[in-house]
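K.L.:
Sequence:
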Amino acid sequence: MEDVREECSTFGTVDDLVIPRSNPENPDEKVPGMGKIFVKFSSIAEATAALNALAGRQFSGRTVIASYITEDDFSNKNF
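Quick note on my numbering: the sequence shown kicks off at 1122 and runs consecutively.
Hints are computed from structural coordinates only; laboratory data are not their basis. Everything numeric in this text was worked out from a predicted model, so none of it was measured. All clues given are correct.
Keeping only pairs whose Cα atoms sit at most 25 Å apart, straight-line, the calculated PhoX-like set for lysine-lysine is: (1) Lys1198 x Lys1151; (2) Lys1151 x Lys1161; (3) Lys1198 x Lys1157; (4) Lys1198 x Lys1161.
With the hints as extra help, turn the sequences into a complete structure.
P.N.:
Encoded structure:
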């Protein structure tokens, strides 16, 4: 998680970072947003810079697919 935060912070202030994970006590439970990373920046300009720079890049052996969600969806964890 810290490597993601560090990389994203090069584009601005990271207010929050969420990586949905399965519940160890119930690994078969479907967790919305699992396999994705959600980053909240302090401004739209910073989020835009990150999206433009990260989309399509390789990170930890995986291709980054970047998009936006609303602040309400982020706050309510509607992933």
